[in-house]
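Guided by the hints, dock chains B and C onto chain A, whose structure is given.
Protein chains in written order, with full-length UniProt numbering: chain A, 1 to 643; chain B, 1 to 219; chain C, 1 to 327.
Simulated from the structure, these hints should not be mistaken for laboratory data.
Please read all numbers here as calculations on a predicted model, not as lab measurements.
Don't take every hint at face value.
Claimed, not checked - On the chain B side, residues computed to face chain C include the following (Cβ under 10 Å):
#1 A33
#2 A71
#3 Y141
#4 P143
#5 Y145
#6 S155
#7 E156
#8 Y160
Ideal Cβ placement from N, Cα and C applies to all residues, glycine included.
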Amino acid sequence: MQNDVQLAIEGQKECFIQEIALNGQETWIQPMSMSEQFGRATQRIDFGKELQDNNEVEVKKEVEASPTKAEPKENPWDEVRKSIFEALTEVRVLHDVLAVLNHNTNPAPPANPQQQPGQPPQKILQLASISGPASSSTEQLRASSVAAKKKSFLLASKVIKEGAERLERNEKQPDFHQELQYLRQHYRLRRKGEKILGDLSFRTAGSSYPALGEFEVIRDADCSRENCPLKIRLPHELQNMAWLSIKLVRCDINDSLKVDLSKVTKEETVSTYHHVISTKYKQKGYLEELRQAQHSLFTRELFSQLCREVSCYRPIVPIYMIGDHISTQIFPDTKLIIELCRKPFKAGDEMPFDRSSERRWFCLEQHLTKLLREHHAASKSCPAPHPTIATMGMTKKQRIAATKPYNLPRIERMRKTVPMIHKIIEAAKHAELLRRVEEELDSIAKEIAEPNIHIHWPIIQNPVHTSIKVHFSVAGYEMCTKQFGMHSMLLNVGINGCTAIQRDGNIVELGTDTAEMRRVIEGELLSLQVACLAGLVRIIDWTVLSSSKGCLLLAPPSSSQSITGRVSVRTENRKIRVYIEEKTTNSTPSSDLLLDPKWKVLTDNEWREVDWEKLAGANFVGKMDLMLSCLCKAVTDKVHNNP
Amino acid sequence: MGVTVVFQWELVDGQTHQQAIQELHGRINNTGAVQEGKFYYESKFYQASDSATTRDFYTLKTSEYPVTVFARVDDSTKDKNSCIQCDSPMESLLVKLREFFTPKRTFEIRGTRFKLADFWIRPGIVTSSGSNKCVTIEIEYTPSYFADDCWPLFSELGSYILNRQIDDKPPTLMENNKQFNPGMMVQQYVEIFSRKATTQANFQQPMKQEQIQAYNTQM
Amino acid sequence: MANIVQAHSRLKLELEELVPSLVESLQKVQLLRHSADSLFSNLSEGCLLKDGEEIDKDKYISIVQEKLQILVQNFNALQTKIQKIPKNRFPPIVQPLGPLGMMMLDQSEAAKKAALEYPPVFHQFNAFKDFHKILETYTYRNSRKRSTTSHQMQPAGGMRRKRPPRVIIDSPAAFKQHLSQLLHIPNILGDMKVQVREMFGNTRLLSISVRRTLNCHIILRHIQIERVIVKGLLEDENIDEVDLSENSSLDTMTRITEHAQASLIFYSFSSLTDEESFRKFLQWLRSYKTLFHAKCMRCKRHLVEGYPPTWRDFVTFQPYHFGCRSY
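One chain only, chain A, in its complex shape (with noise of 0.2 Å):
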């Protein structure tokens, strides 16, 4: 036979590799010989012992004798041994370093003793200068060497290039059952009559969807070289690429109640979610052509599970369902549209949406997959009845009911069957929310420049509930407010709304207007810009007179009978004030009753507001800080210069 195969057969290596140098040399352990594996089986077999037996006693007697003697047991030489190694080692290592050094590509001199020891090899060290005569009968050799094995390798590329080439040839030449082949790998084929038809629907997978999900496979007979001998011949609905767009539009609060849902004409989209299901590969012509139908099928089936919901759930907010709408309002602005749009496939048609002004999530999308693959899988696994005799199609958790047993809510609980429709609605209104809040925060952010704001998002959300840590801190005074404040939060987005729970336990509820939130943060700032002040006052030594919830009253340092100089703060209209107590020069008519002066407090003093905003610092605190050192040295230098 011409295409006979020439097969090299080696014997199984016998020898262990010890180690491979860095030249590529293998240093081989040969196998032990049957004189040695005799010698080792010897060693093994301790004669000793029946010797020892014999003499026990007097062994023992010389052990008590000479305990210094019974040491040795410990293999003294076994240091000594470990050092010799350890310098051969060394030896052995400095040899390695040299023979690399050299460029020494032939291997170490056992491999080649046919060479004279005293001739040197001039490869070693070469200098151009010196590079005598004598070196050029090697170059010789070794120029003929390398042109024989490009001639070699020439000759093999040859042979290796012919046959890829054939092979290409034979690829090139369209083989229907090849492609029938492929095709059977993605898809369920069989055979009815003279046609062979495929099966597209989700079936197997626990689906009882009804439409029809069949194709034909056609052999083109008469189709040239570069085209695919198979074809695919869909049903005409099966044509369509489709998919579901899922909007969220801001609308009245009446909205619901208008007759007419053409005349809407302005509708502002909030956001947006297309349920596509697209991947990037691109596959064969008709390959692609089957996975998008496939997923329209898929669609398809959503639209209409969701359909049959929407005309049996009956809400308190009503859903409507228009044609290949469903529409409902899940916040008083704000309407759920879940759309099926539907389009003539295309062989590398893109989805036909604009971006630019749409944002995407894929919670939603992939929430409602996940949601039909869910009810698929229910359907499809269904446990068997056991014992045998007992209600087909309980689930194992049904079953144990009765004997387990659970009480009323719990059996409640597991008979409740909730709509996907009603999933979709909840996990719709907490994207939303959580959309509002995401917003709301940014905003907030953005606008109010001067304590921090840090929010700590979650990796592992859930479709209906997400909590986000929120944290205050003014800059530069972090300390002052882990000590004193209690300013953070933690925000659970729900579905109807949310709640703030703070640091002392308090809940603020939170409706679905973000305003609230706004309104409850802007509070915390104020009032974690005055605690934080009252964290710093205690640190530079001036003493809190009184203090509430965004008041302060402060005292300076001085331990002065005069208690001029107080700072007062507080906090009105959303704003912080602050005021100075001031000794009056031109004093007013003083009291004939209190004489005493320590009274002079009560009427000599009077209180200046304090325009903070224009001294000199990066925010509130840091302000603060300022006018309070200055301060203390006023007040300081006034008490000793007037004891």
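Same frame as chain A, but now just chains B and C:
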């Protein structure tokens, strides 16, 4: 399903069962509890035809464990908890076994269910064959399963509702770190039924047809 | 005894074989060194001799050549000697010859290439290290704040508290080990049982059941708590079925969930490290073992509106009703 304790209300002289229930409702409302639906307990006493080898037992059906039928042997030892939790086919099985076990008496408790945080309070009148026997108050505390742990809560709430001092130890049935199971609740009811049965054993009357009808429509 | 004697004799033989070869090879090494030394000194001197005399160029080259040949001879002698060292006596472990980074300094192209190809991560690693260093200096500079250096903030004795090194958790096993360290609180395991379920990446679900009272499910990222849900004891039958989307059906547990979230905020945004705050949180959680039988410290009662004292003070861990708590 949490620790459940059944108390018996002692009638004051001249007080009818209805008046007692009224008073109880008032007291329970005062604690801040709210009404939440109705409840019922239905129990049947089966007598064994061959009392030498088989024993009498009670079955209990309740709205609180809707898919379960409890069966409890009428045993004199109180602390032994021998309660069987059965599936609903149990009843049809008992009909087939009527040669060996004959239904003798029926007991019924009906009333309104109250909820206070995690407490369920179920005051009701025990009726046997159409006549009122006594008034019971069942208190269930759902989060806890160990009566030893949560007994202080029971004694505080119970003594307010019952207007008397409650023992400072849980019933011996649930003592010693035993985890609660519904059998303990059945046990307590069976104790009350059997107590009544011994004192008023001669008071047997078949259940009236209208009552059965009324019960059926209620369901 | 015979054993020892046998072993000794074997060793002796071995050493007899080894020591001469060591001596010889060392001699060879010395010879090699000497010849290399003389060659290099010759090369450095150049054509000038010590006395200032100049010698002929050709002669000089021949001298150098001669010396080179001696060097090569010595080297070969060493090589042959080394081949004779009984190899099978050596332990089969190959010692690393030197740091890989030195290969980069090698003059030969092949070695350089190997160094470049072999550890492609090497450079990246170095770059990361540099970046890390720079980052550290920046963060350190920024973290020096007035409040941290103020005299009041420092603990007595003027000694600054050292932060423990941040633990890197990169595998479930590492996490388990770290967790067991964190749970090293006296008696805590008697009251709490901890189960771990791996979620995604560095996120885990920790289910802690406090003795006969409640179950607390914690979503942990690294060692930071992301979410807490408190549920009743038998509400979830096993850790894989925990429903994290719904609060507990028990009102008491919903309330405790809220408290736990507040405590999470309290501990995590304080001056404690992550580990310390997690540990504090666990200790706080443990105080719930008395949920059903502790009296409120203020009103000395058990029930208020049907609730036991659900609040635990964050510092003292004492039980209060939510309305009775002091803050």
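- [ ] With a cut-off of 10 Å on the beta carbons, see whether Y160/B makes it to chain C.
- [x] holds (9 Å)
Open item on the list: Quick check on the hint: Y141/B CB to chain C CB, less than 10 Å?
Closed with: Where the cut-off is 10 Å and the nearest Cβ of chain C is about 8 Å from Y141/B, the hint holds.
Task: Hint check, P143/B versus chain C [nearest Cβ-Cβ separation less than 10 Å] - done: Holds: closest Cβ of chain C sits about 5 Å from P143/B, inside 10 Å.
- [ ] Go through the hint on A33/B and say holds or violated, using the shortest Cβ distance to chain C against 10 Å.
- [x] A33/B check passes; min Cβ-Cβ to chain C is 7 Å, inside 10 Å.
- [ ] Under 10 Å, Cβ to Cβ, is where S155/B needs to be relative to chain C, so tell me if that hint holds or is violated.
- [x] holds (8 Å)
Task: Hint check, E156/B versus chain C [nearest Cβ-Cβ separation less than 10 Å] - done: holds (5 Å)
Task: Interface hint for Y145/B, Cβ within 10 Å of any Cβ on chain C - done: Constraint on Y145/B satisfied, holds at 6 Å.
Open item on the list: Is the interface hint satisfied for A71/B? The criterion is a beta-carbon contact with chain C at less than 10 Å.
Closed with: This hint is violated: A71/B lies away from chain C, its Cβ roughly 23 Å from the closest one there, beyond 10 Å.
Taken one by one, the earlier hints fail for this structure only at number 2.
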